[in-house]
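Asks: Quick note, the sequences are listed as chains A and B, same order.
All residue numbers for the first sequence refer to my numbering, where the first residue is 1 and numbers rise by one.
All residue numbers for the second sequence refer to my numbering, where the first residue is 1 and numbers rise by one.
These are calculated hints, taken from the structure and not from any lab test.
A quick note: this is a predicted structure, and the numbers were derived from the prediction, not measured.
Just so it is clear, CB atoms sit at the ideal spot from N, CA and C, and this is done for glycine as well.
Keep in mind that the hints are not guaranteed to be accurate.
Stretch by stretch, here's where chain A covers chain B in the computed footprint (C-beta under 8 Å, at least three residues) [as the list claims (entries may be wrong)]: (1) 90 to 102; (2) 143 to 149; (3) 159 to 165; (4) 178 to 184.
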Amino acid sequence: MADSFKIAVLGSGPAGLSAAAHAAKRGLSHVLLEKADHPSDTIYRYQRGKYIMATPNQLVLRADFPFAASKREDLLKTWDDQLRSLGINIRYKSESKSIAGSKGDFTVTLTSGDTIHAEHLVLAIGTQSNPNLLRCPGANLPHVQYTLDDPGAYVDEQIFVIGAGDAGIENALGLVEDHAQNNIVTIVNRSADFARAKEANVKLMFAARDAGRIKLLVNSAPTLIEPGFITVETGEGSERLPCDRVIARLGSLPPRKFVESAGAKFTSDSPTAYPQLSPTFESTVPGLYIIGALAGYPLIKHCMNQGYDVVEYICGNTQLTPADEPILQKKFANLPGRRSVSDWLAFFRSNVEILHGLSPLQMREFMIDCEVHAFRAGEAIFQRNAIGSSLFGIAEGTVLVEIDPKRPSVTVPIEQSSIFGEVGLISGRRRGSTVRAGTDCILIEVDRISALKLMATVPEARNTVNRITIERQILQIFGSGLSPKDIAEVLASSELKEVKAGQTVVHEGDEGYDIFIVRTGSMTVEKNIGGKDIFLSYIPAGSYFGEMALIDGGRRTATVSAAIKSEVVRLDGNAFRRLLAQNDKLRVKLETDMASRRKINDFIEQQKKKFGGVVDMYSAVAEFLVSQGIGEATDVLLIDELLCIGCDNCERACADIHDGLSRLDREAGKTYAHLHVPTSCRHCEHPYCMTDCPPNAIHRGQDGEVFIDEKCIGCGNCMRYCPYGVIRMDSVPPKKPSLLMWLLFGSGPGPGEPDKEWRKEHADKGTPAPKVAVKCDMCSGLIGGPACVRACPTGAALRVSPESFLSVALLERGRD
Amino acid sequence: MAKEAIYGERADVTHHESFLRHARLRWLKIAAVLNVAAIAAFWWVFVYSGTRLEHAGGTWLGYTLGTVGALIMLWLTMIGIRKRAMTSGNWSLKAWVSAHVYLGLSLVIIVTLHTGFQFGINIHTLAYLLMLLVIGSGIMGVIAYMYLPVRLSDVRGDLTKKQMIETIHALDRLILQAAQSLDHTQARVVQLSLDKTIIVGSLWQRLTNFYPGCGNRSAVNRVKRLRRRASGGSAEALDKVSGLLDRKQEILGTARRYARVRAMLEAWLYIHIPMTFALLAALTAHIVSVFFFF
């Protein structure tokens, strides 16, 4: 049987349905081919009762098919009804095998052998048929699956869900929804943030974790699957856990072979690349249109609008603008030079390097979350110490970075197409320097979450950001008047490596003279002295190691391992030697650094010979501190329990200096050799609390303190992310009478945090004060420094940075 | 090492000292200078120049020593406010405590010289004795602060006070549950643990760690006796309760030892503070009487 139509739509998902509906409405001859025996198989396979969201909110829906946020069942029923009432010509059980022909005469051959002829083809087959697979050994075992239709079908199982995108989170929640099923579900996610998932899902996931219904392993990945067990590499090491079922939800990739066999080209060779499309969704094959998830659009609303649009384009409507056009128009309105929205999109995409990997359509979607700015030459883009974590891309012009705050005239230019402000992405620190427009310029500003999402989904963007940040880091760490040109060879040889907690980067006694930069995390340096591994020093992020073997030409003198999950950049030793030969200043710097490191190493070695026990103790205490998270701290409160009288004046001082709420719990926490690590913020180098702060209210201040500003909405995300339990949710207590009133007349609760009863009695009778996240801010801005330390009567409380404390100071403490 | 700190400079506390050694014994040195000066002046006036000791307080040196002593005493009392007034200035309580200790000790010499060794049954000598009492209790405090923190740390390990109390309450719930299967007599014995146990008692009890009527202790002993006579299901239930009571006794022991060290760290204050107020009153009387009646 051979049928002929004006439009054949392949796939009856939201995009395909909408296209067919609009074709039907316009009275065009059409056919909608669906491989299953029901429409919209992907949504049909969503787990029962799943609530389907309608994002992005600001986008208007202009399809002929209705769609609003609703339950899976309700949505499918509405669509079934509409299918019939609109008179859509749908053919079930019609899976396409191949596509041939060209515009005006396409032939689609079905697996049944039937052929269908059409003038135009609309490919809306999505990506679900091509899921990303687990790559670890054991991934092919029968209890590993990639879909979950009915979460109610599993009982009494230990289930691991790999991947915390929307699908993974929803599966996990579905599996634990009914307590009677008695499933134990663990979500395993590669990173500590959940940029891929919708905010609402992430919230539900955290709520379920807090209620003890699911477990969450972040910074983790499976390394081995065996019958009954799974081995997961976490930030803290490897764990073998009992496991009955693995559900991998790692996203899916475009079914490239099928699309390419029809003649359509992709944007790049990357496995995550999408087909190359014109702004009217036409592929490189004229007459073959691609819409929906296969075009790079995972959201239902987008897909449905595209279904409508594509039929309009096929009918020759060249005036139609996409549904998000007005939003973008408004965005670009203030830029100089009258360009159309699509011209602006192309302008940004081709002029900003990190956006090169996006398709025009992805670019459209991405742009909705971004801001664009035009600056006149000399205008400040942001000031040093301003709060801000967004990333800027230069689409036109150059900017100047003021590298010396005392001399604003000393600047370094950043050229068109590059980025700046990337430091905010990594740790949310305040802006390190003032940046001005060097010439008139046009910039794109990407907020932190969108930038992280971009890096997570577009490998080209991630590679570009990494390359630029590594280059800048090398220049910053080695200084010595180096220019990007000088380090070009070293940079080309550089390699970014992830190191697991405890993994060794450099072995003592090994050959090799590569140089390493600690990009994130931190390292510990140990040396075998007298048969024991003795802790020598601690290397924080932003430092380098490996120079001794490079300069002296000997073997590695000590073992360097990751204190926590870290990233190091390896720089090729030979390339670095050539750089050293050309640059005397750099050589002198390295030699000076090496001499001071060696001095400390020699000191410890010498002490070991004289006071073996003391050095062993020092080594053990250093290890204890690293195990308590000092490895990722920048500033931490320690209590010397040889001096602490337990008066809790530190807690009272903390409360009194901060609106009446203490941010530390002195007694809680672990103690080793009378050195106590209380529950108090460590001001992590990579603050977990910043992972998902919806109002972006957590920042890093001038002194390195991680603080929460008044934008806090009290969602509690930061508290849940913090592995050290140092953030509490509380409302500001009512104001206390003055100290004098308390001393003289006993009015008020006295110094320190008021007790619950007093707070209740004296609370404002109106609306209760909202709960907000409360954490240590290192008493930022107080001349005298942190109140906890100042208020300690005996000198037991001390704040230290790990790099200075995990050294001779600790050793001397042992000897005192 | 590696590289200088990138983050806040003030975090670089590489060396820390106790209140006794604060700023390389700065206040010990100041107090020593003060005392040496006082002794030298005393020697000059009363030994070398031969002024009669009977009216030592009334000489220019007597007035000076008295004024200095009184001012120091007043300043020493200010620590009570300093430690509670958390203001933002550049001060540290440790420095205050250090000065408090050494200047306080120096009063022994300054004020003794001020008396000219003239004692009697009068308000003046009372003020002097009260001062010695305050200083004596202060010395007890210094000794406590030197030797007890390590004991406090060892007693509690990683446990907090809150955790100790919570553990005891959790055990109480388990004991109550386990006692459901006991008969009336047995249950009444177990009830002792729930009703008649004081975790920590009065200051005296805390200091001595002596709890003669401890309900849990009697329950432990009596349940053990009952167990010897019991058999079958009853024995099993008693074993379970007995195990829980033992655990409670153990954590009670920890809590009480902890409370004891805490009490010892505070006990001296029960003399130090009231005697300070008494001293202030006597000092006022001393000054007023000296100026009005002589």
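Asks: Determine for every hint whether it applies to the structure shown.
Replies: We went through each hint and held it up to the structure:
1. Given a C-beta distance limit of less than 8 Å, the hint that chain A covers the stretch 90 to 102 of chain B holds, as 7 residues qualify and 3 suffice.
2. With a cut-off of 8 Å between beta carbons, the stretch 143 to 149 of chain B has 4 residues touching chain A; three or more are needed, and the interface restraint holds.
3. For the stretch 159 to 165 of chain B, the assignment as covered by chain A holds, since 3 residues bring a beta-carbon within under 8 Å of that chain's beta-carbons and 3 suffice.
4. Judged by the Cβ-Cβ criterion of 8 Å, the stretch 178 to 184 of chain B is not covered by chain A as claimed, because only 0 of its residues qualify and three are needed.
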